[in-house]
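**Q** Add chain B with the ligands to chain A, keeping to what the hints say.
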Amino acid sequence: MTQPLLEISGLKTHFGVGGTTIRAVDGVDLVVNPGETVCLVGESGCGKSMMARSILRIVPPPGQVTAGQINLHRQSGKVVDLAALDPKGAEIRSIRGREVAMIFQEPMTALGPVQTIGSQITDAIQLHLKVSRKEARNQAIEVLTRVGMPRPEQRLEAYPFQLSGGMRQRAMIALALSCQPRLLIADEPTTALDVTTQAVILDLIRDLQAEMGMAVLFITHDLGVVAEIADSVAVMYLGRVVERAAVDDIFHNARHPYTRGLLRSIPRLGIRVGEELDTIEGMVPNPFNRPSGCSFHPRCVEMIPGRCDRVDPSRTRLPDGTEVRCLLHEPHRQETAPAGALQ
Amino acid sequence: MTLVAKQGIRRSGSSDRRTPIYTVEGLRVHFPITRGVMRRIVGQVKAVDDISFIVYRGETLGLVGESGCGKTTTGRALLRIVEPTGGRITYTPPDGDPINVRTAGRDELKAVRRAARMVFQDPNSSLNPRLPVGEIIGEGLHYHGIARGAEIEDRVADMLRRVGLRPEYIRRYPHAFSGGERQRIGIARALAVNPNFVICDEAVSALDVSVQAQILRLLRELKDEFDLTYLFVGHDLAVIQHICDRVAVMYAGKLVEIGPTQSIFATPRHPYTEALLSAVPRPDPRVRGTGERVRLAGEVADVSNLPSGCAFHPRCRYATERCKTETPQLRPVGEQMVACHFADSLTLKGVGSYAA
Ligand SMILES: Nc1ncnc2c1ncn2[C@@H]1O[C@H](COP(=O)(O)OP(=O)(O)O)[C@@H](O)[C@H]1O
Ligand SMILES: Nc1ncnc2c1ncn2[C@@H]1O[C@H](COP(=O)(O)OP(=O)(O)O)[C@@H](O)[C@H]1O
Ligand code: SF4
Ligand SMILES: [Mg+2]
Ligand SMILES: [Mg+2]
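Residue numbers (the working numbering), protein chains in the order written: chain A, 1 to 343; chain B, 1001 to 1356.
Extracted from the complex, chain B is given alone in its bound form:
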C-alpha cells in the first residue's frame, strides 16, 4: 500500500464540481402493468418518478435507498438501457457539445455508451461464462473500433494488470475466478474503452469486507488515474460515506434528499435518511444500546400503488395530516435539497450523534 493511501490522504484529482457531466431533469421510467391475453394496461409501476439531479465532472455521487426504490432503473435510464418515459437526460462530453440522450440516434447513443459504462453487482451473471476473459474485456474495444487484432490483446493484458490480475489469465474463463476477481474483470471490461463516467451498481455489495476494501481502493485509484466520474449505487451507507462526495437518497421512485456526504450524514434533513442511517449496525459493542435507534415500521412503499401525499408518510414518525394529502417538493434546505414538509423545523439524528 502506498504511503498516501495509508495516511488516508484524499487526492481530489481534477475534480471540478462546477462542470456537469450528466444532467437529469424530471426523469420518469414507468413500466406498464398488463393483464390478460390482450395485455390490457391496468396500471403503472412508477419505478422512477420525476427525479432531477446533476452529476459533476470528477465527483462520486452516491445513490442510496432500500431495494426496489429505483436505483438500478435510474442508472440504466442514463444509458438508455431502459427507455425513459419522460424527462430529459443530457450527457456533456469533456470536449464536445452536450448530447440529448433521449433523442440520440444510433451513432450518438453508441458514443454515449462508450463514454459512460456500467459495473454490476453480480459479476457471475454479468460475465458471459462461455467467453474467455480476454474476449469479455476486449469486446468493447472491438465494438467501438478502438483497437483490432494483436492490439486488442495488448490492451486487455494492460487492463488486467491495472486491475490487479495477471495478464496470463487472458485465456481463462470466468468460472475459474473468485468473486473479487470477477469484479475486477467487470471493472476492466468497463474501463477498457476509456470511459469518463462509470455507474457502479452495487459493485461491492456482494463481496466480503476484506475484498470489498480492496475493490474500493482499486476504484479510487482508477478514478484518479483515468479522471473518472462515478455514480455509485449502493445500499451500505458506511461504504457510501467512504467513497462518495455527494449522496442522493431515493424512496419509492423519488429523490427525497441530496447533498454533500458530510452534511447529509451529520445532519440528515429527511426522516427517511435519518432512519436509514440509524439502521446501520455500529461495529462497536460499547455503543450497543446507547442512543435511540429509529426503526422503520411497515414495508417499502409499493411503486405500483403509491401512498397519497408524501409516499413515505405511512412509515414516518413525524407525519401529520398534511403529509397524507400534499406531496412535498424537493427544495433547498441548508446545504441539502430535501423533499419533506418539515425539513427546516425537524431536528434529526445524524451519525455524529452516536459516532463511536
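The following block holds chain A by itself, in its conformation from the complex:
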C-alpha cells in the first residue's frame, strides 16, 4: 500500500457565534492518496468549503479548527499535522500554494484585482522556487499555455477583469498549478460555469493531473461531475463524512440512505421524458441545531424508530472497504439490515 498523501481524522472546525457554536465540520475522517482524485459531495451548508479551508488553515474567523489531525506527508518525507500549525506561521506558508494549492468557484477569490495575471503567477513562482524573474516569466507563459489560454504572452499583461469567466477560471488554475503542487483542492470550480465550459475545465484538470501526478480533492454538489472524475468519494452530511467508498461503489452499491437519496434525486439524461424524480424529504437542518442520534434520521426513509433518533452511529468499515456511518450497517445490526440496505 502506498503512503497516503493526506490523512484527516476527527477534524472539527467550529464557529462560535453569539454564545452558540456552529459545528461546520464535526469529526471528519478522510484519506487522499498520491495521484488520486477524491470527490467531496454533499448539499450546500454541509461543511465542504470549511473542511477544505481547514486543510490550508484559511478558515475565516470566528471559525477555528478545534480538534483532530490533518497529517500531510511532505515532499521531504516528513509528516506534519497541519491542524497543529500556527495558521500564520512559516511552515504552513511554505506548504500553501507550493505543496497544496486551492482553486475556488469564484476566481476572484484567488486572483487579486489590481495585479496583472502575469505578475501574480510570476510572484507565486518566485515565492516558492529559486528562479530568476525571467525564468519565472517563462514558466508563467508555459503554465498559461498548458491551461489552454489563447495568446498567453499577451494575457500576462491582462488584468483579471479583462478576461471572460472561463478564461479567468483558467488563469486561476494556472496560478494554482504554477508551483506543481502535489495536492490541488478544487472547491466547486465549475459550479458557476456553463456545462460546455465545465466539460472543458474538467478535461483540463484531468489531463493536468495525469501529466503532473498530483492528487485532487474536488468539492462539488453535482454527482454527474463526481461520476466523471472521481476515484473515490466522500459524502458529507451536516459536518461529517457519512459514506466513503470507491466511485463505482458509490454509484452502484451505495450503503448510506442519504447517498441513495441523492442518487435518486438527480435528473439523468436518457430517461423517459416526464419521469418523476424521487426526492429526499425535508431539508438540511441548521448546523447549530443538530438532530439527536443519527443526524440524518428526520429525513431518512430507513430510519429505525427508537434507535436512529437516539444512537449516534459510529464509523463502520465494511468488508469491501466502504466506510459508512449508519446504524443499518453497524455490526450488531446486520442481521436486520439487508431488507432495506440493498437497492
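The set of hints was computed from the structure by calculation and includes no laboratory data. Computed from a predicted model, the values in this text were never measured in an experiment. Ideal Cβ placement from N, Cα and C applies to all residues, glycine included. Don't take each hint at face value.
[As the list claims (entries may be wrong)] According to the in silico footprint, chain B covers these stretches of chain A (three or more CB under 8 Å from chain B): (1) 186-196; (2) 199-208; (3) 224-236; (4) 251-261.
**A** Showing chain B with the ligands alone in chain A's frame:
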C-alpha cells in the same frame, strides 16, 4: 409521495397542443451601446434577434442555451419588462380575444401581467427583504384588485399551504427561510393571482439536487392543478428533459433548434444542440471514457459583434466556407425546426448514443 408520482405516470392534464397561448414572431430586443457624455450610439447588443415560436396551451416549453444567449431577455420581453425593438407578440387568453402585447395599453398590459407571471432564479434578490412573506405573496392580489383585507390573508395562507410552507410563516421575513423555501415563496407569489402562463427563469438552477427535485415535483403538481402553461428557462439539460414537452435551443440571440423533447434529445439536428448534450456530465462512472464527447472550442459568440454567416461557425466542427457567409434560416427537418445548412445531411449524436 403519491402512488401516481412514484410510478412516474405522466398526467397530461388538459394539454391541448393546438391552441397557442403565446405567439412570438420575429422578436428582436436590441440594446444600444453608447459611448461618451453625449451617449452616442456606437453599436447594438443583439440580445434577441429575430426569433419566432409558439407556446401552446398546457405544454411546458424549455428554453436552453449558454449564458448570455438571450433566454432571460426573451422571457422578459414576453411580459414587456424589457421593450422589444421589433417583431410581434400575441397573448391569447383562454376566454377572450388575442392581445397584441407590443401595442397593449396600460390596462391590457396589466391584464397580461396578471395572466403571465415570472419565477426567478435567485429568490434572494427577487424577494424584498423588508416585507414579510404575507405581503410579498399578497402584493399581486392587492394590485390586481383580486382580494382585499382579511380575504388577502386567507388566500396567502392557502397559497403557502399549497406550496408546502406553513401558513404560520405569513409574518416572517425572507431571510428566515432556506433557499428552497424562498423558491416556494417565489412560486406562491407568481401563482397567487391565478395566472395561466408562468415563465420559470432558471427557477431550480441554484438549488441542491434534493431540493431541486422537490421544487420540480411541486411545479408539476401545480401545473396540473391550475391548468398552467410553462416556459421553462434553464441550462441543465437533464432537468429540461424531465420537465419539458418541447425544447427551444438558443445561440447568440437566435433560435437554432426547436422541437419535441424526445426527438431533440435522441436525434439533435443542430451541431450546437449536439455539443450541449455531449457536455452534460453522465452520472455513472461506468460510462466514463465511452463514446466520443464533443467539446466546444472557444467562447460563446459576442452578441454585440456577431460572427458573419452562421453565428456558431467559429466553434462548429462541421462548418464549411458557406457557413461563414450565408446565414442559415430556421426550417423544418423531421420533427424539428433547425437553423443549420446541413441539418438534413449530418448525423449527430443524441443521448441515446450513450445512455447509461
Ligand atoms: N463565517 C461564518 N460564520 C458562521 N458560520 C459559518 C461561517 N461560514 C460558514 N459557516 C457555517 O458553516 C457551515 C458549513 O459551511 P460551508 O463549509 O461553506 O458549506 P458548503 O461548502 O458545504 O456549502 C454552514 O452551514 C454555515 O452556517
Ligand atoms: N439591459 C441590458 N442592456 C444591455 N445589454 C443587456 C441588457 N440585458 C441583457 N443584456 C445583454 O443581452 C445578452 C443576453 O442576456 P440574457 O438574456 O440575460 O441571457 P441569458 O439569460 O441567456 O443568460 C447578454 O449579452 C447581456 O449582456
Ligand atoms: S450552419 Fe454551419 S456552422 Fe452553423 S451549425 Fe450548421 S454546420 Fe455548423
Ligand atoms: Mg462551499
Ligand atoms: Mg438568464
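**Q** Evaluate each hint against the coordinates.
**A** Status of each hint after checking the structure:
Counting residues of the stretch 186-196 of chain A whose beta carbon lies closer than 8 Å to any beta carbon of chain B gives 3, which reaches the threshold of three, so the coverage claim holds. Proximity of the stretch 199-208 of chain A to chain B, defined as three or more residues with a beta carbon under 8 Å from a beta carbon of that chain, is established by the 4 residues found. Given a C-beta distance limit of less than 8 Å, the hint that chain B covers the stretch 224-236 of chain A holds, as 6 residues qualify and 3 suffice. Only when three residues or more bring their CB closer than 8 Å to a CB of chain B does the claim for the stretch 251-261 of chain A stand; here the count is 3, and the claim holds.
In terms of the numbered hints stated before, the structure departs from none.
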